[in-house]
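J.: Those sequence lines, one after another, are chains A and B.
So the first sequence is numbered by the working numbering: it starts at 1 and just counts up by one.
So the second sequence is numbered by the working numbering: it starts at 113 and just counts up by one.
Derived from the structure by calculation, the hints contain no laboratory data.
It is possible that some hints are incorrect.
Stated by the list, open to error - If we take Cβ atoms under 7 Å as the criterion, some of the chain A residues that face chain B in the derived model are:
(1) 43
(2) 63
(3) 98
As the list claims (entries may be wrong) - Below, computed lysine-lysine pairings styled on BS3-like, alpha-carbon distance capped at 27 Å:
(4) 71(A) x 22(A)
(5) 121(B) x 37(A)
(6) 68(A) x 22(A)
(7) 121(B) x 111(A)
(8) 37(A) x 22(A)
(9) 121(B) x 183(B)
(10) 37(A) x 71(A)
(11) 71(A) x 183(B)
(12) 111(A) x 68(A)
(13) 68(A) x 58(A)
(14) 42(A) x 58(A)
(15) 22(A) x 58(A)
(16) 37(A) x 111(A)
(17) 126(B) x 37(A)
(18) 68(A) x 183(B)
(19) 68(A) x 126(B)
(20) 126(B) x 183(B)
(21) 111(A) x 22(A)
Backbone N, C-alpha and C define an ideal beta-carbon position, used for all residues, glycine too.
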Amino acid sequence: GENVEQHPSTLSVQEGDSAVIKCTYSDSASNYFPWYKQELGKGPQLIIDIRSNVGEKKDQRIAVTLNKTAKHFSLHITETQPEDSAVYFCAARSKDGNKLVFGAGTILRVKS
Amino acid sequence: NAGVTQTPKFQVLKTGQSMTLQCAQDMNHNSMYWYRQDPGMGLRLIYYSASEGTTDKGEVPNGYNVSRLNKREFSLRLESAAPSQTSVYFCASSDRQYGYTFGSGTRLTVV
């Protein structure tokens, strides 16, 4: 089955700097890759996603890139702000599957 | 549009007691899921329902049962609660085209 690895497990950046979180997946048939943000005491919330027919997608300060050959995808947050501090999860869904497989999560701390 | 609603938000149980966690979605999604999240850990799938009338085990199903009551509702039951089941439980739903929509969670403590 699908396996998703996520790095780093924790990331501290200075306000205004960029943050990058990387994930690798094992199933080359995976075709959908969402990213979730979980704030303290809340459920995960979808922030951006990308499909396998697209290499990059941007939404204001966040972007996701996908390298199908290498089977990895990354979340990029530019001009980080204290409200970006949260746990971020990547996930992958196989073409023939009905489940998302999640990475272990990254705790992002933005220091002001 | 409420999305995914979970009840209760908090619960304290004594070891051996039973309870049912309720989940309802109003997005007409076919698929629903139950996850648990322990401190410092990621999301672990307990059970899921790909469509009304079907349920399947996830990676940590022991000690739990589920019921897909109808397309909107998916409940999780603990028959005999154990301290190891102290966790935050999240319900989610999906239409398979996009990602999951999660509820706000049920924080369960078993003493």
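J.: All hints, please: hold or fail.
T.: Okay, the hints, checked on the actual structure:
Residue-level restraint check for residue 43(A) holds (minimum Cβ-Cβ distance to chain B is 4 Å; threshold 7 Å). Contact between residue 63(A) and chain B, as hinted, is not supported at the beta carbon level, the nearest pair being about 17 Å apart and thus beyond 7 Å. Interface restraint check: residue 98(A) against chain B, minimum CB-CB distance 5 Å, threshold 7 Å, status holds. A hinted pair counts as satisfied when its Cα atoms are at most 27 Å apart, and residue 71(A) with residue 22(A) qualifies at roughly 11 Å.
Among the hinted pairs, residue 121(B) with residue 37(A) is consistent with the structure: their alpha-carbon atoms are about 20 Å apart, no more than 27 Å. The suggested pairing of residue 68(A) with residue 22(A) holds, with an alpha-carbon distance near 13 Å, which does not exceed 27 Å. The hinted pair formed by residue 121(B) and residue 111(A) fails the criterion: a straight-line CA distance of about 31 Å is larger than 27 Å. Proposed proximity of residue 37(A) and residue 22(A) is supported: the alpha carbons are some 14 Å apart, at most 27 Å.
Using a Cα cut-off of 27 Å, the hinted pair residue 121(B) and residue 183(B) holds, with the two alpha carbons roughly 22 Å apart. For the hint pairing residue 37(A) with residue 71(A), the CA-to-CA distance comes to about 22 Å; that is within 27 Å, so the pair holds. Note on residue 71(A) and residue 183(B): the hinted pairing is violated, with a Cα-Cα distance of about 35 Å set against a maximum of 27 Å. The hinted pair formed by residue 111(A) and residue 68(A) fails the criterion: a straight-line CA distance of about 33 Å is larger than 27 Å.
Note on residue 68(A) and residue 58(A): the hinted pairing holds, with a Cα-Cα distance of about 18 Å set against a maximum of 27 Å. Straight-line distance between C-alpha atoms of residue 42(A) and residue 58(A) comes to about 25 Å, which keeps the hinted pair within the 27 Å bound. Our distance criterion of 27 Å between C-alpha atoms is met by residue 22(A) and residue 58(A), whose separation comes to about 16 Å. Between residue 37(A) and residue 111(A), the direct Cα distance comes to roughly 18 Å. Compliance with the 27 Å bound is thereby established for this hinted pair.
For the given pair, residue 126(B) sits about 32 Å from residue 37(A) by alpha-carbon distance, which is inconsistent with the 27 Å threshold. The straight-line distance between the Cα atoms of residue 68(A) and residue 183(B) is roughly 35 Å, outside the 27 Å bound, and the hint therefore fails. Distance check on the hinted pair: residue 68(A) and residue 126(B) sit about 49 Å apart at the alpha-carbon level, beyond 27 Å; violated. Taken as a hint, the residue 126(B) and residue 183(B) pair is broken in the structure, with Cα atoms around 32 Å apart against an allowance of 27 Å.
The suggested pairing of residue 111(A) with residue 22(A) holds, with an alpha-carbon distance near 21 Å, which does not exceed 27 Å.
Hints 2, 7, 11, 12, 17, 18, 19, 20 from the list above are not met by this structure, while the remaining hints are.
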